[in-house]
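> So the sequence shown is numbered by our numbering: it starts at 11 and just counts up by one.
A hint or two may mislead.
[As the list claims (entries may be wrong)] Within a straight-line C-alpha distance of at most 20 Å, the following computed SDA-like cross-link-like pairs (lysine to any residue) qualify: (1) Lys-212 / Val-232; (2) Lys-304 / Pro-125; (3) Lys-83 / Val-59; (4) Lys-212 / Ile-167; (5) Lys-149 / Ala-187; (6) Lys-83 / Glu-160; (7) Lys-212 / Asp-193; (8) Lys-14 / Gly-40; (9) Lys-14 / Leu-53; (10) Lys-212 / Leu-144; (11) Lys-212 / Leu-235; (12) Lys-304 / Ser-287; (13) Lys-149 / Lys-304; (14) Lys-149 / Pro-230; (15) Lys-149 / Leu-235; (16) Lys-149 / Ser-24; (17) Lys-243 / Arg-262; (18) Lys-83 / Pro-125; (19) Lys-243 / Gly-231; (20) Lys-243 / Pro-230; (21) Lys-149 / Ile-167; (22) Lys-149 / Gly-231; (23) Lys-83 / Glu-113; (24) Lys-149 / Arg-262; (25) Lys-243 / Glu-113; (26) Lys-212 / Asp-236; (27) Lys-149 / Gln-76; (28) Lys-212 / Pro-230; (29) Lys-14 / Pro-125; (30) Lys-243 / Phe-152; (31) Lys-83 / Phe-152.
[Said to hold, decoys possible] DEER-style ranges, computed between Cβ atoms: (32) Arg-34 / Gly-173: 32 to 42 Å; (33) Thr-234 / Ala-126: 51 to 61 Å; (34) Gly-40 / Ala-197: 26 to 36 Å; (35) Ala-197 / His-261: 23 to 33 Å; (36) Arg-184 / Gln-297: 47 to 57 Å; (37) Gly-40 / Pro-277: 15 to 25 Å; (38) Arg-60 / Arg-33: 17 to 27 Å; (39) Glu-224 / Val-145: 26 to 36 Å.
Hint data in this document are derived by calculation from the structure and do not stem from the laboratory. Note that the coordinates shown come from a computational prediction; the quantities given were computed from them, not determined experimentally. Even glycine gets a Cβ: it sits at the ideal position worked out from N, Cα and C.
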Amino acid sequence: MNAKPDLDDISALSLIATYRSFRRAADELGLSPSTLSHRMRTLETTMGVRLLHRTTRSVSPTQAGQRLITRMKPVLEEFDMALESVNDERGRPSGALRINASEIAARILMADVIPAFLAQYPEMTLDIVTEGRLVDIVKAGFDAGVRLAEAVPQDMIAVPFGGDTRFVTVASPRYIARQGTPDTPDALYQHACIRQRLPSGKRYRWEFEHQGQETNVDVPGVLTLDHPGLMAKAAANDLGIAYLSEHVVRHRIAQGELVTVLDEWCPLIPGLCLYYSGRRHVPSGLQAFIDMLKEQHPL
């Protein structure tokens, strides 16, 4: 091997291995999948070894490719940190910031933090990815994540914001007038409930607590949905009782479309946190976002 491979190509190889997809990696790099594929074949020719297994439906690193990615990971991280240190010297954050968040969290951030951040730091770009499943933000290439405090991995640094929250059981006034008000979680077995399908495919068991007594209920119902907004709409349309984050239904409650039931069984829980790895240098863009978050949502 006479020519040395380009560091950008090694970084692209790592991204392909992370996503197991040429398309997703190409989208992030601002390239076409065909261009990225050509660059990887050139890299393999330069290295003199096959680095990727390709099929019509998937892509994954070969043993040699994975070994190269593993050995080069610290180098790539040091390279990024070196560039970031230069960026810090400029005194003004620039570059891209990737954040993985739940849809609810993203909507909250969109109300104030994100517009203020982009207005104050026009040289920054934000890439917000929303999904229901919890991902490994480091492995997936994100700078930070935003989830409920209880879902934040213990090895992460968490920045709480927005205060405590809770999940509430709600129904339309018409449904309550027709079917009555449940007074305990067990009473839900006598009601139509709008069940939730988790990203894993499992149905979510509703969680309640009252005076130290905890209970989980696998509620009955003929309708199961996988999106909180659709569940709130179904409840407002008199289809049954739903169990949702207060953030999702607050406006419908204020407008009288929904009312809460079993309030005493729905205590406050720790709210949202932005979290990131403490093993990495904190980029100036991420630090600026954290500062803006604290400014917009002081505890």
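> Does the structure keep Lys-83 and Val-59 at a Cα separation of 20 Å or less?
holds (19 Å)
> Keeping to a limit of 20 Å between CA atoms, is the pair of Lys-304 and Pro-125 held or broken?
It holds: about 14 Å lies between the C-alpha atoms, which stays within 20 Å.
> Can the restraint linking Lys-149 and Ile-167 be considered satisfied, given a maximum Cα separation of 20 Å?
holds (16 Å)
> Regarding the pair Lys-83 and Phe-152, is the alpha-carbon distance no greater than 20 Å?
holds (15 Å)
> Could you grab the alpha-carbon distance between Lys-149 and Arg-262 and see if it respects the 20 Å cut-off?
Not OK: Lys-149 and Arg-262 at ~38 Å, beyond 20 Å, violated.
> Below or equal to 20 Å on CA atoms is what counts here, so check Lys-83 against Glu-113.
Cα-Cα ~30 Å, so violated.
> Using the beta carbons of Gly-40 and Pro-277, state whether their distance is inside 15 to 25 Å or not.
Since Gly-40 and Pro-277 have Cβ atoms about 47 Å apart, the given range 15 to 25 Å is violated.
> Given the hint of 47 to 57 Å, is the C-beta distance from Arg-184 to Gln-297 inside that range or not?
holds (50 Å)
> Next pair to validate is Lys-304 with Ser-287; report whether the Cα-Cα distance is within 20 Å.
At roughly 18 Å apart (the allowed maximum being 20 Å), Ser-287 and Lys-304 satisfy the hint.
> Taking 26 to 36 Å as the hint, is the beta-carbon distance of Glu-224 and Val-145 inside that range?
Holds - the Cβ-Cβ distance for Glu-224 and Val-145, about 28 Å, lies within 26 to 36 Å.
> Regarding the pair Lys-212 and Asp-193, is the alpha-carbon distance no greater than 20 Å?
Outside the cut-off at roughly 27 Å; violated.
> Against the 20 Å threshold, does the CA-CA distance of Lys-243 and Arg-262 hold or violate the hint?
holds (9 Å)
Hint check: violations occur at hints 4, 5, 6, 7, 8, 13, 14, 15, 18, 22, 23, 24, 29, 30, 33, 34 and 37; the rest are consistent with the structure.
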